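Chemist: From first to last, the protein sequence lines are chains B and V. When we follow the numbering used here, the leftmost residue of the first sequence carries the number 1, and every step to the right adds one. When we follow the numbering used here, the leftmost residue of the second sequence carries the number 1, and every step to the right adds one.
Simulated from the structure, these hints should not be mistaken for lab results. The model shown is predicted, which means the values in this text are computed figures rather than measured ones. Please note that the accuracy of each hint is not assured.
One copy or two, it doesn't matter: identical chains are merged, so the pair holds either way.
[Unchecked claim] Heads up, simulated DSS-like pairs for lysine-lysine below, C-alpha to C-alpha not over 25 Å straight-line:
1. Lys257 x Lys279
2. Lys257 x Lys204
3. Lys103 x Lys275
4. Lys246 x Lys275
There are 2 protein chains.
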Amino acid sequence: MKSAMKLIENWFSERYSDNLQLSFRVMDQLLSVKTDFQRIDIFETYDFGKLMSIDGTVQLTERDEFVYHEMITMVPSAMFKGRPKKALIIGGGDGGTATQLLKLGFDHIVNVEIDGQVVEVSKKYFPEISKAFSDSRVRLLVEDGIKYVHNTDEKFDLVIIDSTDPVGPAEGLFNSNFYKDVRKLISNGGIVVTQSGSPFYQPKALALATSAMKAVFPNVATYTAFIPTYPSGFWSFTVASDAELKAADASWLPDGKYFNKEILEGCFRLPEFVKDLIKESK
Amino acid sequence: MKSAMKLIENWFSERYSDNLQLSFRVMDQLLSVKTDFQRIDIFETYDFGKLMSIDGTVQLTERDEFVYHEMITMVPSAMFKGRPKKALIIGGGDGGTATQLLKLGFDHIVNVEIDGQVVEVSKKYFPEISKAFSDSRVRLLVEDGIKYVHNTDEKFDLVIIDSTDPVGPAEGLFNSNFYKDVRKLISNGGIVVTQSGSPFYQPKALALATSAMKAVFPNVATYTAFIPTYPSGFWSFTVASDAELKAADASWLPDGKYFNKEILEGCFRLPEFVKDLIKESK
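Take the sequences, apply the hints, and build the full model.
Modeler: Structure (structure tokens):
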């Protein structure tokens, strides 16, 4: 009977390059929409629950989104001497980062997403992940994050760049002019963090992020996490600050499903080939 | 012209489950042979150089084998107070582990591989990786590793279980009876290490290895590495010893392309879901 089933199998494949792809068997495609900025697809997969891709690139799945969202929020949060309260998210239209920040006790979150349809789609298909958008502590702005950081007078403890890769709408986020503006709106001792791609398949994303941040901030550090549905399974994040970047006591911070205090110490210890990549980024 | 090319594209896919696969575009299939134990395939891929699969599972590629071979040899080596010299490898028919041990200065290596054809194929298609087999410090035995450890009187500093996953010929290696025999042949303070699968996709392999080792050794620890061509990109190794397991000075140990002293400290710091997996393994 299995061979009969195979005739009607459907797969979603993400091309990591012309020569490599990861494929998910899907029960159903729930949505495919072209917005003003990008194409959004939602699939119901067998192994990972619902999956959202943007321009053919997996953004999140129900099964493993916890790694990305814990690591982009909890690692920088653990570096504050006092407990951080105010955060700005650039991108993050799926709501996962804002929802995670609420769990950590942030009480004022501005989330600037350029593509309102990402938000709408997430509310419909990922209600748990996007639930922050119905919380009064979260202010959602559907506008260009680059313009927002240039024009706002607000100050934040933590700024999170939760963007797609540095092609398309996110390109301008991997740029020192952008970080100059970011620097003006983080409070004394504040921190900015960005996702910076797969060091293995996208070394340029990490190099670009590192260079852009080093041009503006005296302290820049890279950490990594394992995310099975992202290219190579190995992902980098880069943090920067005027203050020294090191783990604080942060006893208020709970363990997650991925994050814990051991990971906080371990995630900044980089393979030699990643250290080489960063060293080359001026 | 690109679409015309696509008509003759060939891909090798590894199925991680019925619902997930990673696919490599290949220039050519160089070999497909059914041995007494398993099927061996060799492909020339575009992104990863030559690739060997056994029973459809990627064993090594030229581009990323360094991670696995460094991490299975250098992490346990770094835990010896004196510099280790004698090693036993069970499996490892591609020669990568033995070749790496020679680089680290081991001067007596017994490599017991059950399938002589893995060795022959590796000598032909991966001459650099398998070059240890023509070195006089390496003694290759084509026989059953389980019987070998049961019968030998030799003693070793380091025993490396460099096996396929715990199905097929490697099944008996994830078993406490096997580790009872291993314990008899490691010198005082000696260490045994095994690959123990992807914590994400193969939690049973890690649980089995942990249980088998805990039944025999007082000290057992798990570490991880990122290996892009293995399922999920996130791989575990488990070490055990009668002696305390902790990083020694090991100033004799060079950095690799992946391994360095930071990674040595960081690789034992486990995500919370991996700690939970291990905790449940009695």
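Chemist: Take the hints in turn and mark each one as holding or not.
Modeler: We went through each hint and held it up to the structure:
{"no.": "1", "hint": "Lys257 x Lys279", "result": "between (32 Å within a copy, 14 Å between copies)"}
{"no.": "2", "hint": "Lys257 x Lys204", "result": "between (30 Å within a copy, 18 Å between copies)"}
{"no.": "3", "hint": "Lys103 x Lys275", "result": "between (33 Å within a copy, 22 Å between copies)"}
{"no.": "4", "hint": "Lys246 x Lys275", "result": "both (18 Å within a copy, 24 Å between copies)"}
In this structure, none of the earlier numbered hints is contradicted; all agree with it.
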